[in-house]
Amino acid sequence: MLKHLHTPARQQHGVVMIVALIVLVALILGSLALTKSVFTSNQIAGNLSFQKAATNSADIGVENAVAWLEQKNGKAGTCNPGSTILACDHKTDGYLAALQNPAAGESWSDFWTNTLVAANAVKTLSEDAAGNTAAYVIQRMCSSAGDASSTSVSCSTSPNSSGGTCAGGSSCDTQGINLFAVSQVYYRITVRVQGPNNTVSFVQAMVAL
Numbered sequence: 480m481l482k483h484l485h486t487p488a489r490q491q492h493g494v495v496m497i498v499a500l501i502v503l504v505a506l507i508l509g510s511l512a513l514t515k516s517v518f519t520s521n522q523i524a525g526n527l528s529f530q531k532a533a534t535n536s537a538d539i540g541v542e543n544a545v546a547w548l549e550q551k552n553g554k555a556g557t558c559n560p561g562s563t564i565l566a567c568d569h570k571t572d573g574y575l576a577a578l579q580n581p582a583a584g585e586s587w588s589d590f591w592t593n594t595l596v597a598a599n600a601v602k603t604l605s606e607d608a609a610g611n612t613a614a615y616v617i618q619r620m621c622s623s624a625g626d627a628s629s630t631s632v633s634c635s636t637s638p639n640s641s642g643g644t645c646a647g648g649s650s651c652d653t654q655g656i657n658l659f660a661v662s663q664v665y666y667r668i669t670v671r672v673q674g675p676n677n678t679v680s681f682v683q684a685m686v687a688l
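Take the position in the sequence shown, starting the count at 1, then add 479; the result is the number in the working numbering.
One thing to keep in mind: the hints can contain errors.
No more than 20 Å apart at the CA atoms, straight line, and that leaves these computed lysine to aspartate or glutamate pairs for DMTMM-like [said to hold, decoys possible]:
(1) LYS602 to ASP538
(2) LYS554 to ASP568
(3) LYS551 to ASP589
(4) LYS554 to ASP572
(5) LYS554 to ASP589
(6) LYS554 to ASP538
(7) LYS551 to ASP626
(8) LYS570 to ASP589
(9) LYS551 to ASP572
(10) LYS551 to GLU585
(11) LYS554 to ASP626
(12) LYS602 to GLU549
(13) LYS570 to GLU549
No lab work stands behind these hints, which were simulated from the structure alone.
Go ahead and model the full structure; you've got the sequences and the hints to work with.
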């Protein structure tokens with residue numbers, strides 16, 4: 480004689496409820512993870528967009544700095560020592576006649592604030608349509624103030640050729656003829672851009688005039 484065992488309906492309902500709760504918790508956790516992933520992706524995309532806009536604003540800062548250099552290059556001035564405008568500091572215009580670098584272990588952000596801004600050697604431009612504010616400093620790649628041609632001032636300059644010898648540091652064509660060029664002084668332009676969401680970007684450019 481066979482006996483059939485029947486599970487009480489109350490126990491069946493309890494098991495179903497437990498399974499449903501487990502599935503519900505899994506769905507909630509999955510939804511939270513998906514929401515967080517989407518939020519993080521949007522945040523990263525937004526930050527990249529802000530960073531790109533800041534870099535574009537930095538390009539404008541570089542262009543302003545180059546325009547100032549081209550306007551002042553070779554012009555007579557009242558510097559002491561030196562006889563040209565670019566021989567000495569013009570801090571209100573963001574120009575330093577001698578090179579300064581961050582100390583060992585110092586970040587550019589700290590160097591900018593603690594040294595350049597503290598010395599009032601930064602030129603700040605107006606805020607642009609994207610909400611970015613660019614500021615720049617031009618540093619002549621020289622050991623000290625004074626005319627770049629002075630023997631007491633050591634400057635980083637482009638190489639120039641010496642007549643007829645095609646000497647080291649010069650450029651020669653395939654026939655070994657000198658390609659004469661005027662030696663130029665190098666200038667380093669550093670632009671700092673601050674924008675929305677505390678976005679900060681540094682861009683540097685080197686020019687020779």
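Taking the hints in turn, this is what the structure says about them:
In summary, the hint linking LYS602 to ASP538 is supported, as the alpha carbons are separated by about 15 Å, within the 20 Å threshold. With a CA separation close to 14 Å, the supplied pair LYS554 and ASP568 stays within the 20 Å bound. Between LYS551 and ASP589 the alpha-carbon distance is near 29 Å, which puts this suggested pair outside the 20 Å criterion. This hinted pair checks out: LYS554 and ASP572 have alpha carbons roughly 16 Å apart, not beyond 20 Å.
The suggested pairing of LYS554 with ASP589 is violated, with an alpha-carbon distance near 34 Å, which exceeds 20 Å. Among the hinted pairs, LYS554 with ASP538 is inconsistent with the structure: their alpha-carbon atoms are about 26 Å apart, more than 20 Å. Simply put, LYS551 and ASP626 have alpha-carbon atoms about 13 Å apart, close enough for the 20 Å limit, and the pair holds. Under the criterion of a C-alpha separation no larger than 20 Å, the hint pairing LYS570 with ASP589 is consistent with the structure, at around 19 Å.
Between LYS551 and ASP572 the alpha-carbon distance is near 11 Å, which keeps this suggested pair within the 20 Å criterion. Among the hinted pairs, LYS551 with GLU585 is inconsistent with the structure: their alpha-carbon atoms are about 32 Å apart, more than 20 Å. For the hint linking LYS554 to ASP626, the alpha-carbon distance of about 12 Å falls within 20 Å, and the restraint holds. Between LYS602 and GLU549, the direct Cα distance comes to roughly 16 Å. Compliance with the 20 Å bound is thereby established for this hinted pair.
Among the hinted pairs, LYS570 with GLU549 is consistent with the structure: their alpha-carbon atoms are about 17 Å apart, no more than 20 Å.
Consistency with the previously given hints fails for numbers 3, 5, 6, 10, ordered from lowest to highest.
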